[in-house]
Amino acid sequence: MKSLILTYLFKTTIVAHMKKKAQYRGLFPGALEMMILKTLSWKPMHGYALAQRLKDISEDYLQIEEGSLYPALQRMLKTGWLETEMGLSARNRPVRVFKVTEAGKKHLEQELASVEKMFAGITRVLTLAEQ
Amino acid sequence: MRWFKQLFTRHRRYNEISESIREHIDEKVTSLMDRGMSRVQAERAARREFGNVTLIEERSREVWQWPTLESIVGDVRFALRQLRKSPGFTATAILTLALCIGANAIVFSLLYGLVLRPLNVPEGRNLYQVEVGKDRSPGMSYPDYVDLRDRNRSFDGLIAYEISTAGLDTDGNPSPVWLHTASGNYFDVLGIHPYLGRFFHSTDENGPNSAPYIVLSYAFWQSHFQSNKGVVGRTVRLNKFTYTILGVAPPGFRGTESFYTPALWAPIVNQQQIEGSSNLDKRGSQGRWVIGRLKGGMTPAQATENLNSIATSLAKEYPKEDTGMSFALARPGLAGDMLGGPVHAFVAGLMLLAGLILLAACANLGSLFSARAADRSREIALRVALGSSRGRILRQLLTEAVLVAMVGGAMGLAASVVVLRWLSAWQPIPDMPINITVHPDARTYIVSLLLALASGLLFGMVPVRQVLKADPYQGIKAGAFEFTDARRRVTLRDVLLTVQIAVCAVLVTSSLVAVRGMVRSLKSNFGFVPQNTMQVNTDLNMAGYSGDQVPMMQKRILDAVQRIPGVTAAGYASRIPLNLGWSETAVFSDSTTDYKMSNKAAQTIEYYASPGYFQAAGTTLLRGRTLNWNDSKKAPRVAVVNQEFARKLFGSEGKDIGSFFKIAGGTRVQVVGLVEDGKYGTLSEDPKPAMFLSILQTPSNAIWILVRSNLSPQELGPALERTLHGLDPGLPFTINTWEKELGTALFAARAASMALGVLGALGAILALTGIFGIAAYSVSHRLRELGIRIALGARRKEVLETALGRVFRLLTFGSLMGLLLGLAATRVLSFIVYQATPRDPLVLTGVVLTMLLIGILAIWLPAQRALSVDPLALLREE
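Top line first, the protein sequences correspond to chains P and E. Numbered per my numbering, the first sequence finishes at 131, counting up by one with no gaps. Numbered per my numbering, the second sequence finishes at 1009, counting up by one with no gaps.
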């Protein structure tokens, strides 16, 4: 179920966001942060790897302008959901790696729960509205 | 506190963002090259896919910023740059404000130190001075005090104390010290706890001379006992009597008067030993100052009512002394209303003037800033045209103003701290611990800061209207030129300048009146000649003499002093004129038999003088004879009186010599001589009757010896010292020139003149810079017009009239208004400064000349510039 929702989110909101930021913000505030948290809790990554990973899983739905990740990453650093440490890139270069903190994990769980609830509601309405 | 930490770690963050982005792109380039791209192609592709690096960096940084703060910081940076560009303007503005805010900080500290600050004791606001009678004098007799203390229901405690001197001997070398004799409950009622040892209490009072204890002040303990903690329990000799040091008062406690710092406190019941005589049992002898701590929940009005009901019953019990007695409450600290009244009025007046000066400075700076805004009208128009909001531009201008105000305020405050430190250490009166502590504290700092901020906003607001109505299109088209101002009849700038000139003229008028009064009072006839005279103040009681020994020793001293080569005359008296304090007494005509106060013929100042006194003082004898050695105890009572005395008692002159009058108690006194009138209490007093009785007939322990000589003070001083030490090495005394001693009488007038002089000078400087600013602005903004006029053949006079006529008219109008206001204001001064009359042709001329001089000085440079306009150069510039 979760992965289904994630795919859906990617295909709707994130794509929209990447194409037209203002619209996205009105739709799902916090969605991008959720994606980043989810991806980084799988494995701490540096900016380029994160962008690549997002691009890969979202297939072609996500026309990513890689730079746009950075303000979001900074916001999350400031809130304390992420932290940075030095690590190695795939090419063994020293790079700054983003890592999810305890607070970040907690936040992700809460967000996922509330999104699930929301989708359950929406699905219910969409399926039952015309019956 | 995280935001606080972030504020300082931000630079690291910024670097990290840039680093991360760089790493990102490097990785990407490498991976693209792996796929077969050339480096150039890969770099280009990487950047394209990443997006606008600068913009993204900025967005990422913004996350860490405080948007308002950052833009204010930006404003401040820009303001600093702008101000650096015009150093002359900046320096003028900052200096002006520094002077004015400094002056305000000083006057405020004075106001706080003298008027607003309660005594430095716990809950000092509950303390009230009890004043006696309709004239609200602070003095009360000891028996009356005791009755008030025991019968009142409105005070938690009433204390009595007196300023006194005694000879203190710690190591065989006695010297006079100033102290408070105080009632036993003094420290307990005030709520003071000892720094060392203990204080004396009511329980120590068991009749006259029963409590031979002293408590040292902290400062005296430091200076005379080297902060030795072993002093408690040590004995010293006070006027040759043995006293035990009980303890040391805490550092912050300076007694119950804010102008007087006692060296020590001694119980009032020991008055006889300390002062040589005691009047504690005499209900008619006033002189104790009384302070009470009001009970919680009592209002001062209720307390006054309570005290007055006691006064009514005392009047019934003691009709002779207490009839008609009444009490009132006043704020303690300045001898009640005696000093408090005039000091409050004067300091409040000073505060008003200082405030006016700051206002004038704001007007001044306001015009400077608005001139500057006009100068920058092109820049502002451009910014408005490019889409900047007017609010943003105003914020920028206000930032500049507040910045200038803050820097100026800080500088002014720093200067005021220096002056206040000096003032606090200043002892205006020789040999007496009179001084005022006006140490700057948090209040001074806060007030200065607020004043700086307020004035910054005030003068920063002046150009607001100008900016708001600016039309960017016109501004860019016409350049900095506007002729609109000239067409309008009265502009804000004109009003500001006029107000400022008026304020300046008020200040110049009052300071000239004060200075002129000072000069006059120094030249006026004192009724004695202080030049070439030294005075020696000694108290034989302090050296252990008593009874008949006293006059004998005094005669020996006088004889020895007269034998010093170079001494032309010497004499002594119980008091000398124009010294601190004087004693007045009632005299009756010879025919009076009932010596009630209502039957008195005059209230007269009394002196007890020795033979030779008038010659030594330089007082002219008009008729009859002076006092001589035959006017002794056995001889009939005689007196020398002044002209005013003769007029009051005997009507026409000529009947005086040989006439009799009576003093309190009915003793007949014969007038043997008539001397000129003089000044006795203060320089500004009206002529007062005075009588000089023979000191041989009424001996006094404390005397002032006047020594007239043709020696310099440096020669006579040591000679006097040697002579006195030769007679008795244990004799405490002080030597001073009489002119220096007169500083006491002139102190108030001097302080007033000095304060007004400084404020006047400040006002003049402000007017000067203000007029200069306006004139320079007026010329520089009409340069092109002036150039055209000159090109068309205008004469020098016409050019000047065009450029500066308006400024000059404003100057004349403002000066006139200020002069009139100043004349009204100086009426207040006549209470402090001798013969301070504003209707003095010299003062009037002085004010007009000063203002004219200020005007000419201020307009000189702009006028030169207007006259030297070169039309060709101007036209070429366009």
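Quick caveat, the hints were computed from the structure, so don't treat them as lab data. Incorrect hints may have been included.
Residues of chain P placed beyond 12 Å of chain E at every Cβ, according to the derived structure [to be verified]:
{"no.": "1", "residue": "L69"}
{"no.": "2", "residue": "M76"}
{"no.": "3", "residue": "S89"}
{"no.": "4", "residue": "V97"}
{"no.": "5", "residue": "S114"}
{"no.": "6", "residue": "E116"}
{"no.": "7", "residue": "V125"}
Covered, in the sense of this in silico footprint (three residues per stretch, anywhere, with C-beta under 8 Å from a C-beta of chain P), are these stretches of chain E [claimed, not checked]:
{"no.": "8", "segment": "190-197"}
{"no.": "9", "segment": "216-228"}
Think of the CB as a built atom: it goes at the ideal place given N, C-alpha and C, for glycine as much as any other residue.
Here's how the hints hold up against the structure:
no.	hint	in the structure
1	L69	violated (9 Å)
2	M76	violated (9 Å)
3	S89	violated (6 Å)
4	V97	violated (10 Å)
5	S114	holds (24 Å)
6	E116	holds (29 Å)
7	V125	holds (36 Å)
8	190-197	holds (count 6)
9	216-228	violated (count 0)
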